[in-house]
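Residue numbers (our numbering), protein chains in the order written: chain A, 1 to 291; chain B, 1 to 202; chain C, 1 to 263.
Wrong hints could be hidden among the right ones.
[Unchecked claim] Heads up, simulated SDA-like pairs for lysine to any residue below, C-alpha to C-alpha not over 25 Å straight-line:
hint	chain 1	residue 1	chain 2	residue 2
1	C	31	B	132
2	C	222	B	134
3	A	10	B	61
4	B	189	C	261
5	A	285	A	15
6	C	25	A	285
7	C	68	A	271
8	B	61	C	62
9	B	99	C	261
10	C	121	B	59
11	A	284	B	59
12	B	60	C	204
13	C	121	B	99
14	B	61	C	215
15	B	133	A	271
16	A	285	B	132
17	B	133	C	215
18	A	284	B	189
19	B	133	C	117
20	C	214	C	225
21	A	7	B	153
22	C	31	A	4
23	B	60	C	117
24	C	222	C	204
Simulated from the structure, these hints should not be mistaken for laboratory data.
As the structure is a prediction and not an experimental result, all values here were calculated from the model.
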Amino acid sequence: MSSFFEKFLKIDRRWIFLAVGLAVVIALVAPCQMSTTITPPVQIFHDVVAAATPDKPLIVSMDVGPSTLPELEPMIKATLRHAFGNNVKVIGLSLLITGPSIGERLLVDTAAEMNAEFEAAGEERRIIQGEEWVFLGYKLGLTPVIIDMGEEIRNAFRVDYYGTYLDDLPMMQNVHNYDDMSSIVTISGTAIPESWVAFAGAPYDIPVSVGVTAVSASNYYTYVQTGQMAGLLGGLKGAAEYERLINYPGMASKGMVAQFWVHIIIVFFIVLGNTAFFIIRAQKKRQTDKK
Amino acid sequence: MRRQIPLAIALVAGLFGALSYFIQDPTVQDIREQLLAWLRLIGAFAIGIGIVSFLRNHGKKVTRQVSGWAFNAVAIASFLAMSTIGLFGGISDSSLFRKMFDFAQVPMEATMFSLLAFFIASAAFRAFRARTKEATLLLLAAVVVMLGRVANIDWLSQATEWILAVPNTAAARGITIGVGLGIVATALKIVLGIERSYLGGE
Amino acid sequence: MEISTDIWVWIAAIFTLFIYSFLYKDNPLYKFAEHVMVGLSTGYYTAIVFHTVIVPDFWEPLVHSISKFTMSPAEFSSYAIANELTTLPTVLQDFSPVVAIIMLLIPALLGLMLFTRFIPKISWLSRFSLAFILGAGSGLAIPNSFQTRILEQLRGTIVEDQGSIVVPLFSIDAWRDFFSAPGIGTFFEAVSGPLLIIGTLCVLAYFFFSKEHKGVLGGAAKAGIWFLMIGFGASFGYTVMARVSLLIGRMQFLLTDWLGIID
Numbered sequence: 001m002s003s004f005f006e007k008f009l010k011i012d013r014r015w016i017f018l019a020v021g022l023a024v025v026i027a028l029v030a031p032c033q034m035s036t037t038i039t040p041p042v043q044i045f046h047d048v049v050a051a052a053t054p055d056k057p058l059i060v061s062m063d064v065g066p067s068t069l070p071e072l073e074p075m076i077k078a079t080l081r082h083a084f085g086n087n088v089k090v091i092g093l094s095l096l097i098t099g100p101s102i103g104e105r106l107l108v109d110t111a112a113e114m115n116a117e118f119e120a121a122g123e124e125r126r127i128i129q130g131e132e133w134v135f136l137g138y139k140l141g142l143t144p145v146i147i148d149m150g151e152e153i154r155n156a157f158r159v160d161y162y163g164t165y166l167d168d169l170p171m172m173q174n175v176h177n178y179d180d181m182s183s184i185v186t187i188s189g190t191a192i193p194e195s196w197v198a199f200a201g202a203p204y205d206i207p208v209s210v211g212v213t214a215v216s217a218s219n220y221y222t223y224v225q226t227g228q229m230a231g232l233l234g235g236l237k238g239a240a241e242y243e244r245l246i247n248y249p250g251m252a253s254k255g256m257v258a259q260f261w262v263h264i265i266i267v268f269f270i271v272l273g274n275t276a277f278f279i280i281r282a283q284k285k286r287q288t289d290k291k
Numbered sequence: 001m002r003r004q005i006p007l008a009i010a011l012v013a014g015l016f017g018a019l020s021y022f023i024q025d026p027t028v029q030d031i032r033e034q035l036l037a038w039l040r041l042i043g044a045f046a047i048g049i050g051i052v053s054f055l056r057n058h059g060k061k062v063t064r065q066v067s068g069w070a071f072n073a074v075a076i077a078s079f080l081a082m083s084t085i086g087l088f089g090g091i092s093d094s095s096l097f098r099k100m101f102d103f104a105q106v107p108m109e110a111t112m113f114s115l116l117a118f119f120i121a122s123a124a125f126r127a128f129r130a131r132t133k134e135a136t137l138l139l140l141a142a143v144v145v146m147l148g149r150v151a152n153i154d155w156l157s158q159a160t161e162w163i164l165a166v167p168n169t170a171a172a173r174g175i176t177i178g179v180g181l182g183i184v185a186t187a188l189k190i191v192l193g194i195e196r197s198y199l200g201g202e
Numbered sequence: 001m002e003i004s005t006d007i008w009v010w011i012a013a014i015f016t017l018f019i020y021s022f023l024y025k026d027n028p029l030y031k032f033a034e035h036v037m038v039g040l041s042t043g044y045y046t047a048i049v050f051h052t053v054i055v056p057d058f059w060e061p062l063v064h065s066i067s068k069f070t071m072s073p074a075e076f077s078s079y080a081i082a083n084e085l086t087t088l089p090t091v092l093q094d095f096s097p098v099v100a101i102i103m104l105l106i107p108a109l110l111g112l113m114l115f116t117r118f119i120p121k122i123s124w125l126s127r128f129s130l131a132f133i134l135g136a137g138s139g140l141a142i143p144n145s146f147q148t149r150i151l152e153q154l155r156g157t158i159v160e161d162q163g164s165i166v167v168p169l170f171s172i173d174a175w176r177d178f179f180s181a182p183g184i185g186t187f188f189e190a191v192s193g194p195l196l197i198i199g200t201l202c203v204l205a206y207f208f209f210s211k212e213h214k215g216v217l218g219g220a221a222k223a224g225i226w227f228l229m230i231g232f233g234a235s236f237g238y239t240v241m242a243r244v245s246l247l248i249g250r251m252q253f254l255l256t257d258w259l260g261i262i263d
């Protein structure tokens, strides 16, 4: 009997891989939806972005890389849609070297997507680069860049991503530093949000709303409690909640069913592994007791 | 001189960096600006160090023809292709550089990290055991968070939020304060020249 | 609902499958993709740093300064401001092109000195640059780290700020709610604040290594471990979520963009 459980614990791990892979594929193909409960940190994030006014642009720092994109892309997209939907202008930038190419694509795509929706709805409004959004691109240096922007944004970014002087961009005319901006949204899988909190949030008293991968989410709760972070989106679940709050069923909402089933499988594996482990231990104890 | 001058540089740059935070004089802030601009530019060169190391590392293996050197040659060829296309063809959204980034680099890096989903599932089965009281606590918290984040059950969702907002926050806060003290202490040691390991041997 | 005809999507899909082949076992296709990835990302860094830092912050201002070499300090200063050459010194009221060139060459020289690491005989020169980077970086970090990681965190443990989720310390309202409607929910609400403080102190006690963990300190440290374990557990649960999300993202790509099986 004992050999069965011992063998069971040593099954080829590729069977586990297969189970996980199949669960994801089936959950994605099967057409079902899951509703999601809204948690306080996401609600705060939403409310801070919603409080931004059209006269003061929102900074969206897209400090992302390929390895975190599936979690963070839906957050960026939802933030941009939320802001544009409320006529709030967006200053996009990236402080992570892999970010600028991704950030630019997301801004261009989201604006195009919304413009197509406006056109379909017969609305006049269009989201135009330079008027509703600018993309500053990437600047190396992290801390120096954040501090620079507190004094004068032009000290850090002389020109935007496309090489246009900031003064030549209509929406940047009267924007110089954090005083002229509503709040900061920083979305990243790195520790960059902590730098935004330390070098912009604390000294300049501007709200910093944060979106992170699930890996760092639990560590950032401590900053949400103190109010140093004005809301937190944690991983795909945080993104799905935010999508629900703005009524936009994006990639995160679609992925939550698969997420649910894989979590169930992993918990099942944990329970199975522990059951086998305790049975083996009990059996071994009985054997030594007999001797 | 090889040691004294670097120590003096660190002392002056460090004291200025720290004190300029508190002095709102325009001239001081202008010098601080200049300091930040310099740091940014030197940082760009530091990335160059990484590139040189990459080429040395892979180049050595190719020239010595160690086993699997063909893969090192692939790495160098990919580097040359990407950097040449980016340097001369531009980085705009319609460029070939961007296509290579969006459809080769991004999918590969994302896939590489997604492999961990499989390994974490296998590890959960093989290694995640409630051997001790502490391990049991860890395991329970993990299971509650895993289920509470995806299942649409009110009380479970609230329990998860409570774990994250109270005991987890206490733990994260203890670590954050501890790390903060560590950063300040190490930074002070570097500025004051007590910590000199970056100077290397001799 | 059709399979993609875009060559780029096919390239992405093939590389994705190459990497997933590792799950079966290590093989040359995986190794190939891995090395292509390393090469591409190094190449990407090179091009991005060149276009976004070296050209606008160093090369262009340098060219401007050299080409306007004959300008007087007043003329050149207003020219630099008009052209937003912000990496040039604003410290001096009027500065000549020579000063500008020197101000650009100092960091470039410090940057180049880093490369002496590769030449053993003069590798000590790289210490000058390192000393500057570490010294200035440390100096800038001291006040901010103290403020963000220590003062604000301690403050948040005791004082209630706007936007706080957990009311710290002792909330009379929470206890009144508990006594007027005793229940699990109101109980946890009421003990949250005190528990947060006790937990933080116990975790700090655990990290306090200057005294042996015995007596009160030992007990507190022990309780600190429990809080840490819950924290690590929550973190692990979230990490699982993150990795699974990545897998979902890749599968969404394969099933939607490539195969066109789902919308």
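Mind checking the alpha carbons of residue 7 of chain A and residue 153 of chain B for me, to see if they're no more than 25 Å apart? Violated, at roughly 36 Å.
Please verify whether residue 285 of chain A and residue 15 of chain A have alpha carbons no more than 25 Å apart. Distance of about 30 Å is beyond 25 Å: violated.
Are the Cα positions of residue 133 of chain B and residue 117 of chain C separated by 25 Å at most? violated (50 Å)
Would the pair residue 31 of chain C and residue 4 of chain A pass a check requiring their Cα atoms to be no farther apart than 25 Å? violated (37 Å)
Agreement of residue 285 of chain A and residue 132 of chain B with the hint, judged by alpha carbon distance not exceeding 25 Å: Cα-Cα ~17 Å, so holds.
Just to be careful, I want the Cα atoms of residue 68 of chain C and residue 271 of chain A compared with a cutoff of 25 Å; is the pair within it? violated (74 Å)
Can the restraint linking residue 61 of chain B and residue 62 of chain C be considered satisfied, given a maximum Cα separation of 25 Å? The hint is violated at about 38 Å.
Given the hint that residue 284 of chain A pairs with residue 59 of chain B, does the C-alpha gap stay at or below 25 Å? Answer violated: residue 284 of chain A to residue 59 of chain B is near 55 Å, above 25 Å.
Take the C-alpha atoms of residue 121 of chain C and residue 59 of chain B, compute the straight-line distance between them, and say whether it is at most 25 Å. holds (22 Å)
Could you grab the alpha-carbon distance between residue 99 of chain B and residue 261 of chain C and see if it respects the 25 Å cut-off? Holds: residue 99 of chain B and residue 261 of chain C sit about 24 Å apart, inside 25 Å.
Is the hinted pair residue 31 of chain C and residue 132 of chain B satisfied, with a Cα-Cα distance of at most 25 Å? Not satisfied, since the Cα-Cα distance of roughly 40 Å exceeds 25 Å.
Is it true that the CA of residue 189 of chain B sits at most 25 Å from the CA of residue 261 of chain C? violated (59 Å)
Comparing the model with each numbered hint stated earlier shows that hints 1, 3, 4, 5, 6, 7, 8, 11, 12, 13, 14, 18, 19, 21 and 22 do not hold.
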